[in-house]
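S.K.: Add chains B, C and D with the ligands to chain A, keeping to what the hints say.
Here are the chains, one letter per residue:
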Amino acid sequence: MYTEKVMDHFTNPRNVGEIEDANGVGEVGNASCGDIMKIFLKVEDGVIQDVKFKTFGCGAAIATSSMVTEMAIGKTIDEALELSNQAVAEALDGLPAQKMHCSNLAADALHEAIKNYKEQNG
Amino acid sequence: MYTEKVMDHFTNPRNVGEIEDANGVGEVGNASCGDIMKIFLKVEDGVIQDVKFKTFGCGAAIATSSMVTEMAIGKTIDEALELSNQAVAEALDGLPAQKMHCSNLAADALHEAIKNYKEQNG
Amino acid sequence: MKQIYLDYNATSPVRPEVLEVMLPFYKEQFGNPSSVHWAGRQVSGALEKAREQVAAMINASPAEIVFVSCGSEGDNMAIKGTLAALKGKGNHIITTTVEHPAVLETCEALEKEGYDVTYLPVDKDGQLDLADLEEAITDKTVLISVMWANNETGNLYPIEEIGKIAKKYNIRFHTDAVQAVGKVSVDVQKANVDLLVISGHKIGAPKGVGAIYIRRGTRMAPLLHGGHQERNRRAGTQNVAGIAGLGKACEMAEAEREDYYKRVRIMRDRLEDGIADQVPDIKLNGTPDRDQRLPNTLNVSFAYIEGESLLLNLDMFGIAASSGSACTSGSLEPSHVMGAMCVEVTLAHSSTRFSLGPETIDEDIDKVLEVLPATVQRIRDMSPLYNCGKTTDECETCETIRRI
Amino acid sequence: MKQIYLDYNATSPVRPEVLEVMLPFYKEQFGNPSSVHWAGRQVSGALEKAREQVAAMINASPAEIVFVSCGSEGDNMAIKGTLAALKGKGNHIITTTVEHPAVLETCEALEKEGYDVTYLPVDKDGQLDLADLEEAITDKTVLISVMWANNETGNLYPIEEIGKIAKKYNIRFHTDAVQAVGKVSVDVQKANVDLLVISGHKIGAPKGVGAIYIRRGTRMAPLLHGGHQERNRRAGTQNVAGIAGLGKACEMAEAEREDYYKRVRIMRDRLEDGIADQVPDIKLNGTPDRDQRLPNTLNVSFAYIEGESLLLNLDMFGIAASSGSACTSGSLEPSHVMGAMCVEVTLAHSSTRFSLGPETIDEDIDKVLEVLPATVQRIRDMSPLYNCGKTTDECETCETIRRI
Ligand SMILES: Cc1ncc(COP(=O)(O)O)c(C=O)c1O
Ligand SMILES: Cc1ncc(COP(=O)(O)O)c(C=O)c1O
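So the sequences go chain by chain: A, B, C and D. Residue numbers for the first sequence follow the working numbering, beginning at 1 and rising by one. Residue numbers for the second sequence follow the working numbering, beginning at 123 and rising by one. Residue numbers for the third sequence follow the working numbering, beginning at 245 and rising by one. Residue numbers for the fourth sequence follow the working numbering, beginning at 649 and rising by one.
Chain A with its partners taken away, still in its complex shape (with noise of 0.2 Å):
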């Protein structure tokens, strides 16, 4: 079902966790789907300094919710912007087709992080 990258992320999540003093932090998902990722940021300069996340759901949400982790930190926040969903799964070598919907939101989660940080730091 999963690729090899898939279960390599989600058997090793990288970055997992919370940033004591976050300057942004996302949420996206919805119970009822079974999905929830919180995206936590230091952003220093413009730049993604440390990315940490939490995630509630199943094996491809924790693996994207990894791989947009590992994807992020360094970028500047509009090059950060500009990666999607999509993307994050081709990093992936692809997700089942049935994951794409609810479980492949990371990049989302991200983005509003990253409106959070716009909206806290001006």
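A portion of the hints provided could be inaccurate.
Unchecked claim - Think about it this way: if two alpha-carbon atoms lie no more than 27 Å apart in a straight line, the pair counts; the simulated DSS-like pairs of lysine-lysine are:
hint : chain 1 : residue 1 : chain 2 : residue 2
1    : D       : Lys697    : C       : Lys384
2    : C       : Lys331    : D       : Lys760
3    : C       : Lys331    : C       : Lys271
4    : B       : Lys127    : D       : Lys697
In case anyone wonders, no lab produced these hints; they're calculated from the structure.
M.R.: Just chains B, C and D with the ligands now, kept in the frame of chain A:
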């Protein structure tokens, strides 16, 4: 499907053929059902001295024909009139349910032959 | 005694290569393909592989294949699933008088529910007149169902032409290809078929598995509601071993088809010629044009004798064949296919089918030709119809044996 | 790594004794049971033997058993076959909100055709109130369909009492006993059941075979029309090997049932107690009265974590279980059974079923109890719901996860 006795009578049918100088002949059956039985009798002094049959039909039809000839030989015609299709089936240790209707008519053919004998010999 | 099996149209042995593919799924690989864990993952690939193998045989895409439990289920699903899905569009089906009971009785059941069915007649050789088909089409017609090859006579029907007509009138086209696959080329694209049914046990896979091809975009109501298996088109935990076996059997059948055709046809033709030479008073049932018949099937009536008694006599020599006689059909009437061809009723009762298969060898044919003439004569000598002056001609009305 | 299979309610391995009974029918004994020749005769006895074995398990007569291809087909046939046969009598079905999809989706499809269906609610433990049943009965009610045991929670339903109510009102009674047979005593006479469905692959027979008990004298329309197999009640060449295997599996299950109950229940109880002891924030799904549950089934929600991710983590230790999470159901919603019990939606997503079987051993339970607590904790540490101050209580409306 068939009992050993049926298969025995089917494989080695007794009294197959015609009687040249028969004094009673009976035929029953219906081509559309796939069973036609013809019985030839030689009656002397009210006793069945010889019986032969010809049958177009399935295994059960041939076995019941053979069996009825064995059962009839030596009987008086009144005794033979009491032979029933049921008795023939029992003498064969039974027949499959779907064969009772069409293929178990040998006693009827015998009765027809006796009727024919009585008509001829008033 | 050597057993000579000439009833391949009834069922075929499972091929050893097929059984080998099946066995692991009865042992270590027992999971439910819907499960996400190791036990499920071990088997889900097998389903998809089989889907590819079946699809390849008929030139379809794997996503167009749905696994079912038998040919009968496939036929029921094709017809009922179409009528339920197209309820608003029309209520008229066109089929033929020579279909398998899985089609005919389904149509009869639908008639009782108020649907209209046209049963196209066949001629005395069992062939259709496509003008009848075009004439039968109305603006209420939603389905044409014509079998690819007849199980009793082996007659092949002009599926490509029917596909053209169906396309011209924009009517859905179902074909029961249970007897055709593996014996002749079956191509759903060429023939413009929308629904096609196959059954495993006719081609060396086990009993209890079949498949239906559903052309992409064809709206169908399910016959079995429930789980989301087979993309919601057929509920029920999949018969993984059977499906894997079906896939392998299709792959083998298709790979061997042309060779098989040649080999089996030579033997069938030799049997056909041999019987014609050696046994008087016979009638071939089906088309005399051997190119228009399956290469493995021969249906002959031996006048004056009843089919079951011939079968049982052949059985004593180890020869397995089948008959259109009432006594072997479970009903009181002989084969509806013989009836549709206006075969006289006693000849219908005497119709006997020899159907060859991949395991048939020349010696089997020799043996039949050695045994048959004397056996037929022996039963004829017992028959009140033989040499009695009456003839068994073709009947006028055929009413007695027409089911429709 | 040792594989620990705790998903017997999804499917079970074929028992070696069952496979042994099946194999000859894939080899020499390949005939069609409808054939009159040696090849047919070789196998027709096997069908009748299996019919006796299945009948004996549920205290029925062999003539009341019809073989089908799976539990789903049996459920579809029971319900649709009843409604078609009793068309003149009424159009109302009573069933429950916790049935298997093979019943629920069939009922939903019938609703679209104009039939009326009452779905009886269950309480938070998944139990029925029989007063609701009596209240739901109208003079149009033709069928009551209540499962014997629930596949997700293991809850047993009061089939004998329902049978009495059905008898009192003279309404036909169908029960899906797919999960019950082999685990608890199932007696169609005692329970006054008219239609009962079983599936082979849940009790050590292969996938692709099942049976329906039809009480003598029960009028039914066929679901599959066609050949005269199974006394005209189910068309299609019989799956001889599968049927023979089903017979053997039923015989074994019944012979071992009481011992099995004791043995598996001890292990299940130990697992249940062990989890309750070692893992905080869990919720048992189903009735806490263990006598009212199947002896092999345990369904638990681990708060704050989603079921599929738990399953995949357990899978890494070789442990196979299943989940009511949307992600494992093929739909976007979690289990309708959790919904019917008003389980809060995230708890429904976290519901996890362990179902034990005849091959389960104590060491399997040890291993789960060793691995599970840390695994749950690891996933909880990743969850935004854990330790965030919010609680996961039972919801008020349950709308989000009720399918009905
Ligand atoms: C209670 C219940 N009913 C019906 C079924 C359907 O059985 P099958 O998969 O054989 O169609 C199952 C199993 O999935 C079940 O657990
Ligand atoms: C032409 C045709 N259609 C359908 C079927 C039904 O197949 P099954 O026995 O697998 O249901 C058969 C075989 O009996 C057949 O020959």
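S.K.: Hint by hint, say whether it matches the structure.
M.R.: Each hint, compared with the structure:
1. D:Lys697 with C:Lys384: Answer violated: Lys697 (chain D) to Lys384 (chain C) is near 48 Å, above 27 Å.
2. C:Lys331 with D:Lys760: holds (12 Å)
3. C:Lys331 with C:Lys271: At roughly 45 Å apart (the allowed maximum being 27 Å), Lys271 (chain C) and Lys331 (chain C) break the hint.
4. B:Lys127 with D:Lys697: holds (23 Å)
Figure legend: structure checked against the earlier numbered hints; hints not met, in rising order: 1, 3.
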